[in-house]
Amino acid sequence: MTHDQFEVLSNQAVAACAVVYFLAVLAHLAQWAAGRKVSEPVAEQVTVGGGESAPVAVEPVAEDDARMEMFGRIGVALTVVAAFIQFIALVSRGLAADPVRVPWGNMYEFTLMGTWVVVVGYLALYRRFGLSWLSPVVTSFVLVTLMIDVMLLYTPVVPLRDALQSPWLVIHVVAAIIATGAFTLGGMCSALFLVKQRWEEKHAGDATRSGGYLARLPKLEVLDRIAYRTHAFGFPIWTFAALIAGPIWAHYAWGRYWGWDPKEIWAFITWVVYAAYLHARATAGWKGRSAAIVALVGLATLWFNFVGINFFFGSGSQHSYAEPQPTAVVRTL
Amino acid sequence: MPATGYEPAPALRPREFARWTWRQLTSMRTALILLFLLALAAIPGSVVPQEAVDSVRASQWKEQHTQLTPIYEKLGLFSVYDSVWFSAIYILLMISLVGCIVPRLFVYGRGVRAQPPKAPKNLSRLPQHRELDGDDATLETAAAWLKRKRYRLVVEDDVVRAERGYLREAGNLLFHLSVLIVLVGFALGGLFGFKGGVIVVAKDSFANTLSQYDDFRAGAFFSAEDLKPFDFTVDDFNVTFIREGREAGMAHKFNADLTYQSSPTAAEQRKKISVNHPLHIDGTDVFLLSHGYAPHITVRNADGRIAWSGAAPFLPEDSSFRSFGVVKVPDAESKNGRTQIGLEGEFYPTYAFIKGKNGGPFSAFPDARNPAISMLAYTGDLGLDDGEPQSVYALQKKHLEPIRKADGKPLRIDLAMGRSTTLPGGLGTVTFDGVSRYVKLQVSHTPGQVTALTGMVLALIGLLCSLFIRPRRIWVRTRREGGRTLVEVAGLDRSAGGDLSGEIDGLVAVLQPTTARPPAAQSMAGESS
Ligand code: HEM
Chain A
1 MTHDQFEVLS NQAVAACAVV YFLAVLAHLA QWAAGRKVSE PVAEQVTVGG
51 GESAPVAVEP VAEDDARMEM FGRIGVALTV VAAFIQFIAL VSRGLAADPV
101 RVPWGNMYEF TLMGTWVVVV GYLALYRRFG LSWLSPVVTS FVLVTLMIDV
151 MLLYTPVVPL RDALQSPWLV IHVVAAIIAT GAFTLGGMCS ALFLVKQRWE
201 EKHAGDATRS GGYLARLPKL EVLDRIAYRT HAFGFPIWTF AALIAGPIWA
251 HYAWGRYWGW DPKEIWAFIT WVVYAAYLHA RATAGWKGRS AAIVALVGLA
301 TLWFNFVGIN FFFGSGSQHS YAEPQPTAVV RTL
Chain S
1 MPATGYEPAP ALRPREFARW TWRQLTSMRT ALILLFLLAL AAIPGSVVPQ
51 EAVDSVRASQ WKEQHTQLTP IYEKLGLFSV YDSVWFSAIY ILLMISLVGC
101 IVPRLFVYGR GVRAQPPKAP KNLSRLPQHR ELDGDDATLE TAAAWLKRKR
151 YRLVVEDDVV RAERGYLREA GNLLFHLSVL IVLVGFALGG LFGFKGGVIV
201 VAKDSFANTL SQYDDFRAGA FFSAEDLKPF DFTVDDFNVT FIREGREAGM
251 AHKFNADLTY QSSPTAAEQR KKISVNHPLH IDGTDVFLLS HGYAPHITVR
301 NADGRIAWSG AAPFLPEDSS FRSFGVVKVP DAESKNGRTQ IGLEGEFYPT
351 YAFIKGKNGG PFSAFPDARN PAISMLAYTG DLGLDDGEPQ SVYALQKKHL
401 EPIRKADGKP LRIDLAMGRS TTLPGGLGTV TFDGVSRYVK LQVSHTPGQV
451 TALTGMVLAL IGLLCSLFIR PRRIWVRTRR EGGRTLVEVA GLDRSAGGDL
501 SGEIDGLVAV LQPTTARPPA AQSMAGESS
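Chains as they are written, first to last, in the working numbering: chain A, 1 to 333; chain S, 1 to 529.
Isolated chain S, as found in the complex (with noise of 0.2 Å):
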């Protein structure tokens, strides 16, 4: 190693480490970068189903692949948009666009005022530059030209000085700041907000509270007070099929009836809601997202007491309105003392069957025409009381038996409308005593939207000022040479997809009126603009 000529390289003391790092951060480059992480990391959340989003599709994922599933949770890809490394992405993002922002702040606002800069010495080196003949009227002339064309003007002895364009940066800088602002009016919505998702049978009442709801998600900062307290009651349903064609079975409109309180002691008001129609109370809204069918089941003793009655709400598994749903009895009776029921089956609003191996029953259509059950019923030990949560929609059947015939095969209890069977073993009877329809609503809260909204439009504003205001400069200079004037135009256009030669085409032909020469070959695939 020679020994001359060689220096240590400076180690990076602490605070030139740190101003090198802000440096790299705020770069264009790290924002590239950065973007193109985020893209990327949006990714798994399309292909792993996300708890946040659709909570049964994500533990049914879960249950079939039993040996990713581990790996995946540690990766939090079930919940990919607050992952850590997701939130680090986004979070380097802001930082980068807040130091690159900032400081061009601080420099537009010194700008804003500035006066259109001096000429540069040698014209010819720019863009665009044209020569020609003019005499001592031209500067004025090309002042009062760019004048009409909204340029920022200083006219000097012998050179016009012209600048147009400055909203450009400045929508520039809204559009970044408002990015932000978008981010704050998500974060808002998803800190203080809640969502809830509830089914009721039509006639049957709903009041804000925690233990109403079916499913229920909130942000952090959430607490159970801040639900309002109002109720409502689904008065009707109301849904037409279409009944013929090929689009027979679709469901043509669908709509409830809602009387409403907006606290307990306030009047009463009345309100259809439909999908794309909610009904916003006090700062939260109500929104039908489907509907299906509550069968009447009623549970008898031996004795003929009534041990369980109530409409079931089943869940719609495909179009034509089959429903899963499930009876939960829990103070049933058998001869040999207390015990619990619990039906498990389907119910088919237009019941059909087809014979054969491969048949079976189906619902023809999904309007309750000739509504019926099929259902298996169990007794034993339904776990209600072991602690652990269970869905209202299934049955845990650990500790249940299936309720078997005399030939020993499970008992199927199939029931149309307002029939009734008995159980064996003196379980007492079940009856199929009607049906009605019940409306799936969510009940949210997004604190925010208005912030969110508003951050987007300021962004589309600041990004069409950027993208299409052009910022551009414009001399023209005359010399005195011998006894001509020689004109020069040059111009200059700061913009990234920017192309001059139409302007200063223009400007040469009011200079020059009578040898007009016609656009430069070039500028015919570009534009005037």
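Bound-form chain A, shown alone (with noise of 0.2 Å):
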């Protein structure tokens, strides 16, 4: 195959799989539609009926839990398959490029690789934090994510410039998406986290709030964990991006290991953030809802990097992957 039709296959790749992926969002809406349309008798049966009612109670639930159960299975094999498809565009964008290289030179490209290993990071843990409350949230997630990626920053395949020409981008890079994927994920168990804080303190007390969505979430404390686990997970891989593999290969890039250049100056912000976010997880006063605010700053200020830096600051950051702004040089001495 020649580089062109690699490009060729690797934009159809993306649309197939934001197919695939639309097809499991529509199942885990499903899903959760099911889970909620039979429980709330059933919370009214158990209530109104007490004891004896209860047996009456069981068999919609049962037949509930088990369309639940399918639709889930279902959302959960088209993301296996959509993870694949995705997977398939990102080795084809690699190898659409001359020289050949790793598929991560533009914003198109950290962006299709970021949202797959939020996939992918959801997936391996599926079955250990036992996620299929997450499902509908990471589906739709990286759904839209792809969509605004196609639609907006769509770039098409070109060489990487010098700078970026560098084992230790590879690394810098990778370890910098697998933690943001792992922020990601941890941010919207963080999210829920509030949500469902908020849902039970506006319900506490009040014995027919049972059903839906919010009510199948874990429980308070669990969502805690599994997002400190994940924020845990990301956080020593984003200290190694940003602060280990990035300055060392700014040094051979740009002749300085730290500079201060926007870009740095953000991915400090963040680091600082998460740190005050696992530091706020020990502090009495600070545990559950302010270290889940905290985590999801820290989120906002890492999206923001990725994000706003390259559009707001453009030129003025070393790290914009535009053409190099050729910089003046005065004498001063």
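Heads up, a few of these hints could be off.
[Unchecked claim] Restricting the straight-line Cα-Cα distance to at most 30 Å, the calculated cross-link-like pairs of lysine-lysine (DSS-like) are: (1) S:Lys272 - S:Lys357; (2) A:Lys287 - S:Lys357; (3) A:Lys287 - S:Lys121.
[To be verified] Reference listing, derived: stretches of chain S covered by chain A, where coverage requires no fewer than 3 residues with Cβ under 8 Å from a Cβ of chain A: (4) 34-44; (5) 273-285.
Read the hints as simulated data drawn from the structure, not as lab findings. C-beta atoms are modelled at their ideal positions from N, C-alpha and C, and glycine is treated no differently.
Two chains, two separate frames, one set of hints: put the complex together.
Shown next as structure tokens:
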């Protein structure tokens, strides 16, 4: 296959995986719709009828659960298929360049790779953490992000600029993307934690509240723990990406390991905020709600760094992936 | 006010006040707040151009915002990262860190050898607690299982005390101390290092002395004698531009061949440098940053004597390498005697022209296929002798007059390579002889790099221990009741994200193999690690 054909293949694979993700979203919506529909009367029966009416309720619940499980399985299976197609898109994107290169040279490719990491991370943890409640969030997030990526960020394949041609690029970017994926997943859990906490406060003592998506979310402490563990996984990787591999690469490419470039500043800010998150979880009065908010602030700085810096600061950053900006030299001596 | 029961709060004596302050400063909450402040304080530096990062952009910004500039200057917003307030935050953070970590170091030092603690009286109060039937061998089985899981053990008559994960606190301490090491490394670079930029035209040489640099920044403790006496010649510069396809015009690869000597008496050596592949020479690094064109221009007096000749580096303005530059001729002659001439304008590596109102010259390709210059000429006083430093890449036009054509319009010199033109008023001729490429190099010496890197790697190791080692305590106690042996298993996970249920289930399953219960429903959403 020629490079151009690989590029076409990559674009088609992106379109195809988006379609499959869409189907996965539908399956998960059906899954939770099934969960909602039948469990409400059940709750009523239990409260009104007490002990003896419970057996009557068992059947619809079981049927309901079976349907949920079926749709859930379909959704996960579709997600696996979509992730595989997306993997093909990534590989062929790399093969489309001449010379062949890693498929992370611009924002389009970063986003493609990043969403894939989110999906793979979610699939990998699916069983261990029992993540079926996260499915609708992950699949719709990935679908929307991919759509934005294709519509706004698409860039034709071009070779890597000289500054990007370094093994440290591969190491640095892979680590940064994996950490971003982990933080994104963790942020979803923290967000769900906040939503569920609010909902619980609002419906405290309300016996008819059961049913629906929020009720079926894990307990708050479990949400908090899963969020913590995903963040704790991401943090050392981010440390490595932003504060070890990045500086080493910057040393070779630009002759300084840390230059307070906007991108570096925001990577540092992200790091500090997540360090604050880890502290917050160990500080009385900050556990739970406040810590979750800190985690979301961290995620905001992370995404801002990824998207915002390129748009708002443009040529002011050496990390802008545009043409090299020649800088003037002033003789002041 | 009731007279009784009221006692004025004792005024804090200085000692107590100091102690109180110290306790506040080293509290976790303060650390948290300082971390937030640090993150917030770092933001302005990404919005306002920083002098230390890009002095040109900073001065451009200042010219455009004359009202804000004095305020921003007072606030130190053009050099956030060495401003008083930024330094204050991180110094406080570091003091807090030391104050927090050193006492913990002592505690840890005393505790490393400690035996697993005594079992609490009431085991059922612990977060994880199970009861089951056992026999005489139960404790032995439990001890063997815990040993295999690398617990530190104390086996007594009726209880097994087990603990593991001592390295977690060690990791935490290592991480925080390493942050200090990184800071030391960073400071070393800032105080003793230097960073200089220089443009060297192909075939020219560079000797490492202050006067050779175009721009130079050094730390407070740097002195010019610290510059190592090396020199090098840029023998050749190679660049390939992609000619076809949508990447056309992109530089594919560029590199420079250098011949260098680490001192005037040392042997000559050769090295090809490119982006990501610097030259290391005697503790100093020479990096290739970018490249550009230096047209050769000769200015002759009316009598044919050369007033100025040389290759003038022009600075690229866009990816087509349309470049901007000046030529300063301090010793020119006109009909009326001595004068000075300045040329200012653009260089086009592949000259092309669009006719029409909005048209004009442009560069069609970054490679030098059809080089041309288009410059305005000035005469008068270049301002070189008034003592003020001035850029070699700009004319100071205060005392310069444009040279005009007969019709009064400013004279524009448009020359293809190899051509000459005569200036009016007996000012002589200008010739565009040819073109060389130049490289923009950065020469820097950053002590403390290895210190900072070591610190960062240690910090990472510490972090991994601190995050992933789970400090756990497990107690197994037996009690005879009637004819039965009652066994209690209880545990405590002391880490932030810990969930011990899986581990306890595992232990219970071993102690009670036949009636092993399925894991509790709650642990399904947790994990077993
Ligand atoms: C540059 C500043 C700091 C950074 C980047 C930082 C970072 C971190 C990180 C990432 C953790 C998580 C490790 C874990 O959860 O075990 C942590 C834990 C901790 N930090 Fe800091 N820290 C800083 C300053 C401080 C200061 C000033 C204090 C004391 C007031 C402090 C006290 C602690 C303590 C006690 C823990 C352990 C919490 C636990 O037991 O889970 N840190 N720190």
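Hint by hint, which ones does this structure get wrong, listed from lowest number up?
1, 2
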